[in-house]
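Residue numbers (my numbering), protein chains in the order written: chain A, 1 to 328; chain B, 1 to 327.
Everything labelled a hint here was simulated from the structure, so no lab data went into it. All C-beta atoms in this analysis are idealised placements derived from N, C-alpha and C, irrespective of residue type, glycine included. There may be inaccurate statements among the hints.
Said to hold, decoys possible - Only part of the chain B face toward chain A is listed, based on derived beta-carbon distances under 7 Å:
| # | residue |
| --- | --- |
| 1 | S107 |
| 2 | V117 |
| 3 | T255 |
| 4 | V259 |
| 5 | V324 |
Claimed, not checked - Chain A residues, not near chain B, derived (Cβ > 12 Å throughout):
| # | residue |
| --- | --- |
| 6 | R23 |
| 7 | F25 |
| 8 | P57 |
| 9 | A71 |
| 10 | G74 |
| 11 | A90 |
| 12 | N92 |
| 13 | A98 |
| 14 | L101 |
| 15 | R104 |
| 16 | R178 |
| 17 | A272 |
| 18 | T284 |
| 19 | A316 |
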Amino acid sequence: MAEMTLIEALRQAMDEELARDERVFIVGEDVGARGGVFRATLGLFDKYGPDRVIDSPLAELSIIGVGIGAALYGMRPICEIQFADFIHPAFNQIVSEAARLCYRSNGEWTAPMVIRAPYGGGIGGGLYHSQSIEAFYAHVPGLKVVVPSNPHDAKGLLKSAVRDPNPVLFLEPKKGYRLIKGEVAEGEEILVPIGPARVSRPGRDVSLFAYGMMHYYALQAAAAVAAEGIEVEVVDLRTLAPVDRPAILASVRKTGKALIVHEDNLTGGYGAEIAAILAEEAFTDLDAPVRRLAAPDVPGVPFSHPMQDWFMPDPAKIAAALRELAAY
Amino acid sequence: MTLPNDVLLDMYRVMLLARRLDERAWVLHRQGKIAFHISGIGQEAAQVGAAFALRRGHDWVAPYYRDLALMLALGMTPRDFMLSLMGKAGEPTSGARQMPSHWSLRSANVVSHSSPVATQACHASGIGLAIKLSGKDQVVLTTIGEGSTAQGEWYEAVNWAAVHKLPVIFLVENNVYAISVRQDKQMAVASAADKAAGLGLPGASIDGLDPIAMHTAMDQAADRARRGEGPTLLEARVHRLTPHSSDDDDRSYRTREEVEAMKSEDPLRMFHDRLAQRKLLTVAAAEALEAQAKESVENAVQFALEAPYPPAADAAFPVFVEDVRHG
Chain A
1 MAEMTLIEAL
11 RQAMDEELAR
21 DERVFIVGED
31 VGARGGVFRA
41 TLGLFDKYGP
51 DRVIDSPLAE
61 LSIIGVGIGA
71 ALYGMRPICE
81 IQFADFIHPA
91 FNQIVSEAAR
101 LCYRSNGEWT
111 APMVIRAPYG
121 GGIGGGLYHS
131 QSIEAFYAHV
141 PGLKVVVPSN
151 PHDAKGLLKS
161 AVRDPNPVLF
171 LEPKKGYRLI
181 KGEVAEGEEI
191 LVPIGPARVS
201 RPGRDVSLFA
211 YGMMHYYALQ
221 AAAAVAAEGI
231 EVEVVDLRTL
241 APVDRPAILA
251 SVRKTGKALI
261 VHEDNLTGGY
271 GAEIAAILAE
281 EAFTDLDAPV
291 RRLAAPDVPG
301 VPFSHPMQDW
311 FMPDPAKIAA
321 ALRELAAY
Chain B
1 MTLPNDVLLD
11 MYRVMLLARR
21 LDERAWVLHR
31 QGKIAFHISG
41 IGQEAAQVGA
51 AFALRRGHDW
61 VAPYYRDLAL
71 MLALGMTPRD
81 FMLSLMGKAG
91 EPTSGARQMP
101 SHWSLRSANV
111 VSHSSPVATQ
121 ACHASGIGLA
131 IKLSGKDQVV
141 LTTIGEGSTA
151 QGEWYEAVNW
161 AAVHKLPVIF
171 LVENNVYAIS
181 VRQDKQMAVA
191 SAADKAAGLG
201 LPGASIDGLD
211 PIAMHTAMDQ
221 AADRARRGEG
231 PTLLEARVHR
241 LTPHSSDDDD
251 RSYRTREEVE
261 AMKSEDPLRM
271 FHDRLAQRKL
281 LTVAAAEALE
291 AQAKESVENA
301 VQFALEAPYP
311 PAADAAFPVF
321 VEDVRHG
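Input sequences plus hints: build the corresponding full structure.
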């Protein structure tokens with residue numbers, strides 16, 4: 001076992017997939033000699049050359065559109081969007097094209113591709129380097145949306161995403177790139193399946209659903225309230241679309257209470273979907289109203305630190321919500 | 001380059017078949033038997049000239065909705081088209097999920113396209129990139145209307161192909177109208193081909209009413225692409241002799257005199273006369289082709305009218321590749 005950071009695990013996954021399958025290539029802004037602004041592709045250009053690690057023009061929609069074309073031909077592109085904030089010009093290509101190709105052609109054409117995008121706040125990135133975009137895309141049938149929360153999963157999920165015959169939006173919690181460290185097995189193939197959620201901490205009092213950076217905080221909050229006798233079950237959703245309904249329902253049927261945490265805005269955020277699933281399918285199992293802890297409905301994460309802290313959910317806010325829910 | 005007589009006659013045959021199919025679709029619409037038709041009448045010469053310059057089945061195509069003649073040249077059958085017009089089972093472009101004229105034909109390397117315009121141009125550049133990475137001698141043709149060249153997606157696609165010297169041919173079928181909006185409200189240049197200069201690839205404006213001129217230009221562009229010299233932007237100047245679609249009434253934005261003037265340059269009739277003049281097409285041969293086209297169209301209409309609709313349950317899949325339920 002080797003301890004590595006989230007971003008090292010992602011890099012290793014790409015390295016292994018590039019080595020395994022000649023059809024795999026990386027395309028995006030600054031992914032070549034620079035190795036990406038976060039250095040996710042560092043060293044891959046030197047190892048695989050300019051035909052496998054391709055610097056794109058500064059044009060997000062065509063990073064995706066060109067990726068779709070290459071996928072139609074039979075390649076396996078990994079398209080990097082430098083920050084999730086900049087993915088919106090490609091919304092049409094992702095939603096109207098990649099996600100619908102299989103359905104609209106009755107399965108004759110498909111777009112096997114990965115779209116990697118660093119997302120989320122807490123890094124002093126202001127309104128346009130901090131966005132959480134998952135809800136827009138998790139809404140779309142035909143697109144898989146994956147968010148890893150630790151190095152092992154990041155590596156295993158990314159490798160699975162590259163091999164998935166469908167388009168996968170792979171959202172990387174950028175605050176966790178170097179902050180989150182963990183053990184990753186060496187010398188063996190790690191493939192974490194897309195779809196299943198994971199109970200990362202068992203508990204009996206409250207179910208806490210989270211993903212990405214918020215899952216990292218969720219574990220800290222759960223540890224904090226455990227000292228007060230509140231046993232929280234933490235569920236790392238890992239895949240937002242298609243979501244693991246059985247895992248969500250099983251946990252709530254055990255605890256009777258649910259808190260959902262995400263750093264996207266509250267209204268219409270991904271937590272609303274989990275809350276709706278629970279209301280529809282687990283109403284009689286609930287001992288308290290489903291609670292959501294999310295960012296407030298302001299247009300973005302402010303730059304200045306006190307304002308950023310006001311915006312972001314954190315372990316203290318999560319712990320406070322857990323205490324309230326446990327006491328209900 | 002001189003095309004062999006049998007090729008010229010085959011080009012005429014496909015143009016004629018496209019015209020008769022298209023005309024029949026308008027009649028079906030007036031009869032209330034189909035809900036929608038979007039026409040290619042007036043653009044057949046450009047499309048057939050382009051298609052015949054490809055290695056059909058080997059090269060790739062990312063078309064747009066007005067490309068009925070192109071699709072017939074690439075192997076789509078009148079039955080396929082009629083099934084799609086009526087939304088019947090077995091329709092090959094989408095299993096009757098998409099509206100008619102949203103082409104796709106896997107067996108001919110024709111990729112599926114959507115309704116928002118210019119999206120397929122990026123796919124063509126992606127296919128071109130994949131061809132280049134694979135080291136194959138294929139080219140990819142993508143077609144579009146002149147109005148759609150205003151889209152950012154189109155510029156990004158052409159820029160990509162120019163930067164990476166991709167084997168892509170961007171064909172603009174310029175019929176002057178984007179539904180009702182004339183070219184001078186769509187672009188500030190005289191020809192869509194003028195846009196090539198700023199993007200770093202050669203551009204040429206071709207008489208799209210002449211299938212041979214179109215074929216020659218395409219042939220040169222394809223050669224250039226196969227030599228690894230990169231993309232070409234071609235504009236085919238064509239006429240749209242019908243309203244934009246069966247939901248449009250073009251009397252609100254263009255005079256009948258203007259349309260009649262265009263009809264005096266009907267590419268099908270002009271090609272017929274040219275072949276007849278060169279004694280390649282006898283009266284008897286022309287009549288035989290006409291009868292053949294009509295029979296093929298009527299056969300397709302009857303077949304599609306009698307064909308079943310897909311079961312409603314088919315609407316549930318395939319959302320993901322895992323759901324694909326046919327070979």
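Structure-based check of all given hints:
Interface hint at S107/B: violated, since its Cβ lies 9 Å from the closest Cβ of chain A, which is beyond the 7 Å cut-off. Given hint, V117/B at the interface with chain A, is violated; its Cβ is 11 Å from that chain's nearest Cβ, farther than 7 Å. A cut of 7 Å between beta carbons decides the hint on T255/B: the least distance to chain A is about 36 Å, and the hint is violated. For V259/B, the shortest C-beta to C-beta distance to chain A is roughly 33 Å, which exceeds 7 Å, and the interface hint is violated.
Interface restraint check: V324/B against chain A, minimum CB-CB distance 3 Å, threshold 7 Å, status holds. Here R23/A does not stay apart from chain B, with its beta-carbon only about 9 Å from theirs, under the 12 Å limit. Not every CB of chain B is more than 12 Å from the CB of F25/A (nearest about 7 Å), against its label as outside the interface. Not every CB of chain B is more than 12 Å from the CB of P57/A (nearest about 6 Å), against its label as outside the interface.
The Cβ of A71/A sits about 7 Å from the closest Cβ of chain B, inside the 12 Å cut-off, so the non-interface label is violated. The beta carbon of G74/A is not kept farther than 12 Å from every beta carbon of chain B, the shortest such distance being approximately 7 Å. Under the 12 Å C-beta cut-off, the non-interface status given to A90/A relative to chain B is violated; the minimum distance is some 10 Å. Annotated as non-interface, N92/A brings its C-beta within 12 Å of a C-beta of chain B; the closest such distance is 6 Å.
A beta-carbon of chain B comes within 12 Å of the beta-carbon of A98/A; the shortest separation is about 10 Å. With a least beta-carbon separation of about 6 Å from chain B, L101/A fails to lie farther than 12 Å from that chain, contradicting its non-interface assignment. Distance to chain B contradicts R104/A as a non-interface residue, since its nearest Cβ pair spans about 5 Å, not more than 12 Å. A cut-off of 12 Å between C-beta atoms confirms that R178/A is not in contact with chain B; the least separation is 32 Å.
Distance check on A272/A: its Cβ is at least 21 Å (rounded) from any Cβ of chain B, clearing the 12 Å threshold; non-interface status holds. No Cβ of chain B comes within 12 Å of the Cβ of T284/A; the nearest lies about 29 Å off, and the non-interface call holds. Chain B leaves A316/A outside its interface by the beta-carbon criterion, the shortest separation being 40 Å against a cut-off of 12 Å.
Against the hints set out earlier in the document, violations occur for numbers 1, 2, 3, 4, 6, 7, 8, 9, 10, 11, 12, 13, 14 and 15.
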